[in-house]
Amino acid sequence: MTPTSYQIYPSGDNALTIQFGDSISLDLNNHVFHLYNLLRNKQPFIKDIIPGYCTLTIIYDLLSIRSVHASAFDFIQSEIETLINHHHQSETTRPQRLLKIPVCYHVSFAPDAEKIMKHHQVSFEQIIYLHIEKTYSVFMIGFLPGFAYMGVVDKKIATPRLSTPRSLVPAGSVGIAGEQTGIYPLDSPGGWNIIGRTPLKLFDIKKPEPVLFQPGDQVKFSPISFDEFQAFKPTSFNSVINES
Amino acid sequence: MKAGIADSIQDEGRFGFQHLGINPNGAMDQTAMKIANALVGNDLREPVVELSFPASSIQFEKTALISLSGADFSAMLNGAAVGNNKALIINRGDELKFKKSLLGSFAYLAVHGGLRIAQWLGSASTNTKAKAGGWQGRFLKKGDEIEFIKDLSRLGETRALSWRVNVSDFYSGNNIIRCVEGREWTDLEKVSQDQFKKKPFIITQHSDRMGYRLKGPALKRKNKTELISSAVTFGTVQLFPDGQLIILMADHQTTGGYPRVAQVITADRSNLVQLKQGDEILFSMCSLAEAEKALVYQAKVLQQIKTACAFNLREIL
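As they're listed, the protein sequences go chains A and B.
Numbering of the first sequence is given in the working numbering, commencing with residue 5 and proceeding in unit increments.
Numbering of the second sequence is given in the working numbering, commencing with residue 136 and proceeding in unit increments.
Don't read these hints as lab results, they were simulated from the structure.
Beta carbons are placed, not taken as given, at the ideal position from N, Cα and C, and that holds for glycine.
There could be a bad hint or two in this list.
[As the list claims (entries may be wrong)] No farther apart than 20 Å at their CA atoms in a straight line, the calculated lysine to any residue pairs in the SDA-like style are these:
| # | chain 1 | residue 1 | chain 2 | residue 2 |
| --- | --- | --- | --- | --- |
| 1 | B | Lys264 | A | Ala74 |
| 2 | B | Lys266 | A | Glu213 |
| 3 | B | Lys264 | A | Pro164 |
| 4 | B | Lys435 | A | Lys210 |
| 5 | B | Lys264 | B | Lys137 |
| 6 | B | Lys359 | A | Pro164 |
| 7 | B | Lys137 | B | Lys232 |
| 8 | B | Lys359 | A | Asp26 |
| 9 | B | Lys264 | A | Gln130 |
| 10 | A | Lys51 | B | Lys232 |
| 11 | A | Lys210 | B | Leu256 |
| 12 | B | Lys435 | A | Ser167 |
| 13 | A | Lys51 | B | Lys137 |
[Claimed, not checked] A partial selection of chain B residues facing chain A, derived with a Cβ cut-off under 8 Å:
| # | residue |
| --- | --- |
| 14 | Ala267 |
| 15 | Phe283 |
| 16 | Lys285 |
| 17 | Gly308 |
| 18 | Ser365 |
| 19 | Gln398 |
[What the hints assert, rightly or not] Sample of chain A residues with no beta-carbon within 12 Å of chain B, all distances over it, derived:
| # | residue |
| --- | --- |
| 20 | Tyr13 |
| 21 | Val36 |
| 22 | Ile63 |
| 23 | His91 |
| 24 | Arg101 |
| 25 | Phe113 |
| 26 | Asp116 |
| 27 | Pro189 |
| 28 | Phe236 |
| 29 | Asn246 |
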């Protein structure tokens, strides 16, 4: 695979962003994910690495770098360019996980199902079918701890956000916004179209890894009944199907 | 303690988890936090109590060496005024109250030896969204009892130590806030760029640890395409569709989709956060090199302060 085209620019004086494009596409996001993997646990001066849909932002320790180099931005920029130019996409250094997420598509958990049905002239059953048949990629995590932006949703159910967000979307709500799908990890205001709910806890401060998702995860939704939802025991459920 | 409206435990921030949507939080005025720590001989990154006005009233249960830095809320120790940027010896029964907001928005209380605060993901900073970190993941309230790690009984009677730290290197006394250009700076119409650089922007009442919302001339972009979400940081100046600006602060969301027109330089964060509602900001563009240089200089001065304080404290501790 040939080296990709990209731009590097400062995001303030202690961060830098690499941009691979400006649209939501799996191809572009794969470049982000690849570079993200290369950088993880590698550089001593890096404080955070934040994937976006088509960007990767690196928060660096300006003062530590400046104790050794004349310009922190120049140093990090050249490190990144070296990495990108010497590693091709075929060398993925980190396995991608596949996660199964149980979702109850019951009408009481789906306040926006009707809106999608009207918008696309489909039945609720068709919405569910189209939502569960795809395997989604986690493009990025942001907005809330553990809110994974996943895509790409089938065009036949892709629906614009609510024009007026709800003041409260319950934790576990599964929604669609445009071509993205996601799950609210906490009670929160929100504008996504809600079609179901998962009994899983996506964000748990008591766990050593408090967030269930990781950028790059592959995700499949699995329908459960209302009774199964009520009876669900999170501790006995392991979402991760494989690490391959 | 009697509760203030938004007092919390903070440190340098929680880094390494923004890819999971966990924002770093941390002290709004990192410089004041570090000075407060230096004054009591702490590691500069030791967790502190961040106070905003109206601030908590504090009653001390045992002897300690403490300090206050940052905003001046007219601190009264047992009814007598004590100034900022000094070390104070306090004893059991002493009371600290904050009478009036004289200057600035965020004050910092440091205790020699540190506070007994459980870490979450390697940091003591408070994340109120996640309800984790700091003191039970929330702002402090009446009745909260925070322990001091160290037991100091030989400090003597309650008094302020005679020396104080000069903080003039960090606070310009003017409202000029330096920025580097944001990614979407060139998207702005020339008229709007000029307005950004020349016109004052007022800090509105819709301002808190998440961001300071500004009021000023409505800025316009040359093209109105929606942007795809990407990471934002403390100091990112975002442009809302209505043409108004917000400066993201310590509790910012990790990602956003609004145009990033500029980025406040790290060295000017302290000046910025200490401004209050109704204050005017004058933005001034600078280069990345200048921004880096300014922070390197500040770090040098902080190190000198730390050394000087340690020297002064050697007889007491």
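Taking the hints in turn, this is what the structure says about them:
1. For the proposed pair Lys264/B and Ala74/A, the alpha carbon gap of about 38 Å is over 20 Å, so the pair is violated.
2. Annotation: proposed proximity of Lys266/B to Glu213/A holds, straight-line Cα distance about 16 Å (limit 20 Å).
3. Taking the CA atoms of Lys264/B and Pro164/A, the gap is about 26 Å. The hint is violated against a cut of 20 Å.
4. For the given pair, Lys435/B sits about 39 Å from Lys210/A by alpha-carbon distance, which is inconsistent with the 20 Å threshold.
5. Among the hinted pairs, Lys264/B with Lys137/B is inconsistent with the structure: their alpha-carbon atoms are about 23 Å apart, more than 20 Å.
6. Between Lys359/B and Pro164/A the alpha-carbon distance is near 18 Å, which keeps this suggested pair within the 20 Å criterion.
7. About 9 Å separates the Cα atoms of Lys137/B and Lys232/B, which keeps this hinted pair within 20 Å; it holds.
8. A hinted pair counts as satisfied when its Cα atoms are at most 20 Å apart, and Lys359/B with Asp26/A qualifies at roughly 14 Å.
9. For the hint linking Lys264/B to Gln130/A, the alpha-carbon distance of about 36 Å lies beyond 20 Å, and the restraint is violated.
10. Under the criterion of a C-alpha separation no larger than 20 Å, the hint pairing Lys51/A with Lys232/B is inconsistent with the structure, at around 37 Å.
11. A hinted pair counts as satisfied when its Cα atoms are at most 20 Å apart, and Lys210/A with Leu256/B qualifies at roughly 10 Å.
12. Restraint check for Lys435/B and Ser167/A: not satisfied, since their Cα atoms lie roughly 50 Å apart, outside the 20 Å limit.
13. As the CA atoms of Lys51/A and Lys137/B are separated by approximately 36 Å, the hinted pair breaks the 20 Å bound.
14. With a least beta-carbon distance of about 4 Å to chain A, the hint placing Ala267/B at the interface is held under the 8 Å criterion.
15. Interface restraint check: Phe283/B against chain A, minimum CB-CB distance 25 Å, threshold 8 Å, status violated.
16. A distance limit of 8 Å between C-beta atoms decides the matter here; for Lys285/B the minimum to chain A is near 28 Å, and the interface restraint is violated.
17. Because the smallest distance between the Cβ of Gly308/B and any Cβ of chain A comes to about 22 Å, over 8 Å, the interface hint for this residue is violated.
18. About 4 Å separates the beta-carbon of Ser365/B from the nearest beta-carbon of chain A, less than 8 Å, and the hint is met.
19. The closest approach between the C-beta of Gln398/B and any C-beta of chain A is roughly 4 Å, which is under the 8 Å cut-off, so the hint is satisfied.
20. The Cβ of Tyr13/A does not lie farther than 12 Å from every Cβ of chain B; its closest approach is about 6 Å, which violates its non-interface assignment.
21. A beta-carbon of chain B comes within 12 Å of the beta-carbon of Val36/A; the shortest separation is about 10 Å.
22. The beta carbon of Ile63/A is not kept farther than 12 Å from every beta carbon of chain B, the shortest such distance being approximately 7 Å.
23. Against the 12 Å criterion, His91/A stays outside the reach of chain B, whose nearest CB is about 19 Å from its own CB.
24. Every beta carbon of chain B lies more than 12 Å from that of Arg101/A, the smallest distance being close to 14 Å; the non-interface claim holds.
25. With a cut of 12 Å on Cβ distances, Phe113/A stays outside the contact zone with chain B, its closest approach being about 23 Å.
26. Interface exclusion of Asp116/A from chain B stands, the closest Cβ pair being 21 Å apart, more than 12 Å.
27. The Cβ of Pro189/A does not lie farther than 12 Å from every Cβ of chain B; its closest approach is about 8 Å, which violates its non-interface assignment.
28. Every C-beta of chain B lies more than 12 Å from that of Phe236/A, the closest at about 23 Å, which supports listing it as non-interface.
29. At roughly 21 Å from the closest C-beta of chain B, the C-beta of Asn246/A stays outside 12 Å, upholding its exclusion from the interface.
In summary, the structure is inconsistent with hints 1, 3, 4, 5, 9, 10, 12, 13, 15, 16, 17, 20, 21, 22, 27 from the numbered list given earlier, while agreeing with the others.
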